[in-house]
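**Q** These are the residues of each chain, in order.
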Amino acid sequence: MANWIPLWLHKLGSPPMFYRFAGTLRPWAMAFAVLLGATALYGGLVLAPADYQQGDAYRIIFIHVPSAWMSLFIYAVMAVASIIALVWRLKLAEVVAMESAPIGAAFTFITLVTGSLWGKPMWGTWWTWDARLTSELVLLFLYLGVIGLYHSFEDRRQGARAAAFLAIIGIINVPIVHFSVNWWNTLHQGSTVRILGPSKMSGDMLWPLLTMMGATKLYYIASLFGRVRTDLLAMESGKDWVRQIAEQEARK
Amino acid sequence: MSSFFAMGGYAAYVWPAYAVFFTVLIADYLSPGLRRRRNLRELRARLARQSARQQRNPTTSP
Chain A
123 MANWIPLWLH
133 KLGSPPMFYR
143 FAGTLRPWAM
153 AFAVLLGATA
163 LYGGLVLAPA
173 DYQQGDAYRI
183 IFIHVPSAWM
193 SLFIYAVMAV
203 ASIIALVWRL
213 KLAEVVAMES
223 APIGAAFTFI
233 TLVTGSLWGK
243 PMWGTWWTWD
253 ARLTSELVLL
263 FLYLGVIGLY
273 HSFEDRRQGA
283 RAAAFLAIIG
293 IINVPIVHFS
303 VNWWNTLHQG
313 STVRILGPSK
323 MSGDMLWPLL
333 TMMGATKLYY
343 IASLFGRVRT
353 DLLAMESGKD
363 WVRQIAEQEA
373 RK
Chain B
7 MSSFFAMGGY
17 AAYVWPAYAV
27 FFTVLIADYL
37 SPGLRRRRNL
47 RELRARLARQ
57 SARQQRNPTT
67 SP
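Chains as they are written, first to last, in the numbering used here: chain A, 123 to 374; chain B, 7 to 68.
No lab work stands behind these hints, which were simulated from the structure alone.
Warning: the hint list may mix true and false statements.
[To be verified] According to the in silico footprint, chain A covers these stretches of chain B (three or more CB under 8 Å from chain A): (1) 10–17; (2) 22–31.
[Stated by the list, open to error] Now the in silico label distances, taken between C-beta atoms and shown as ranges: (3) A:A198 <-> B:R47: 32 to 42 Å; (4) B:M7 <-> A:P128: 50 to 60 Å; (5) A:T247 <-> B:A25: 17 to 27 Å; (6) B:W21 <-> A:K322: 25 to 35 Å; (7) A:A153 <-> B:E48: 30 to 40 Å.
[Unchecked claim] Computed list of chain B residues with no C-beta within reach of chain A, every gap over 12 Å: (8) S37; (9) G39; (10) R43; (11) R50; (12) Q60; (13) Q61.
C-beta: ideal position from N, C-alpha, C; glycine also.
Work the whole structure out from these sequences, hints included.
**A** Structural data, given as structure tokens:
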């Protein structure tokens, strides 16, 4: 039992194996993401009642909060992959870390824009320099820094190592974003959904939110695998297995 | 149905938020496919140049 697991994992770490593995898993992850997302949207936009204070404006929560969770979750994945990449020099870990950054940046951007669209009718302002909003903006800049540093080197692997270092340092911002609503006075409301203890939200609003969280997680897997596959092809373009794929696609 | 689209008067905030969400994610999902096709096309062009060079002077190998 203990013998075959490391071997299987070891094989999965090789680029051609992971390329095929990701290729089979990606459409399934995307299909379930769309399915869960559609269910969550129906529950959130149609079935859930309007909020007694915020009316229908609160419905932005069903994309704002899952996107915010993903912006932090993807950063954590990126930092862990970066540590693996720097310590063990695993090519796949480098690619996972570097291709997570654009997806994380996309979710952070969505969080900031939807938050702004929610803030205008509720707080009366698009933007305020308070702890939660500012630390989330710093998160976006960290993602952009990682992307920029990665692409500023001629040698991709050298760029990946430099950017991985930045990603690891930037992890300090993740708990700051998370706890900012408790540590400082802020316009932003505290967390409604809690892992420990009961959530401060009614069930017919909570289930669409959690379903959308599942959908965004699956979307991340689908998007990441597509990006990793593309990057592996580019990195290994001298190898035979990439050549075979290039010739196969020419025949199509 | 029209009351659904009106979003209790908040339509101008709710729908743009959803539009941004879907636009950004769809763009993110499609972008690696375009990059992949370009990379493979360049690789095929390189391979074709290599084989053409070898046919011209087969004795000098790279």
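**Q** The structure should be examined with respect to each hint, and the outcome stated for every one.
**A** Here is what the structure says about each hint:
1. Beta-carbon proximity to chain A at under 8 Å applies to 5 residues in the region 10–17 of chain B; the threshold of 3 is reached and the given coverage holds.
2. A count of 7 residues in the region 22–31 of chain B with a Cβ less than 8 Å from any Cβ of chain A is obtained; the coverage claim is therefore met, three being the minimum.
3. A hinted range of 32 to 42 Å for the beta carbons of A198 (chain A) and R47 (chain B) is consistent with their spacing of about 36 Å.
4. Range check, M7 (chain B) to P128 (chain A): about 57 Å between beta-carbon atoms, so the 50 to 60 Å window is met.
5. Range check, T247 (chain A) to A25 (chain B): Cβ separation about 21 Å, and the 17 to 27 Å hint holds.
6. Restraint check, W21 (chain B) to K322 (chain A): a C-beta distance of roughly 27 Å satisfies the suggested window 25 to 35 Å.
7. Judged by the Cβ atoms, the range 30 to 40 Å given for A153 (chain A) and E48 (chain B) holds: they are separated by roughly 31 Å.
8. For S37 (chain B), the requirement that its beta carbon stay farther than 12 Å from each beta carbon of chain A is not met, with the minimum near 8 Å.
9. Not every Cβ of chain A is farther than 12 Å from the Cβ of G39 (chain B); the closest lies at roughly 7 Å, contradicting the non-interface assignment.
10. Annotated as non-interface, R43 (chain B) brings its C-beta within 12 Å of a C-beta of chain A; the closest such distance is 8 Å.
11. Some Cβ of chain A comes within 12 Å of the Cβ of R50 (chain B); the nearest lies about 5 Å off, and the non-interface call is violated.
12. Under the 12 Å C-beta cut-off, the non-interface status given to Q60 (chain B) relative to chain A holds; the minimum distance is some 15 Å.
13. No Cβ of chain A approaches the Cβ of Q61 (chain B) within 12 Å, the least distance being about 17 Å, so the stated non-interface status holds.
Figure legend: structure checked against the earlier numbered hints; hints not met, in rising order: 8, 9, 10, 11.
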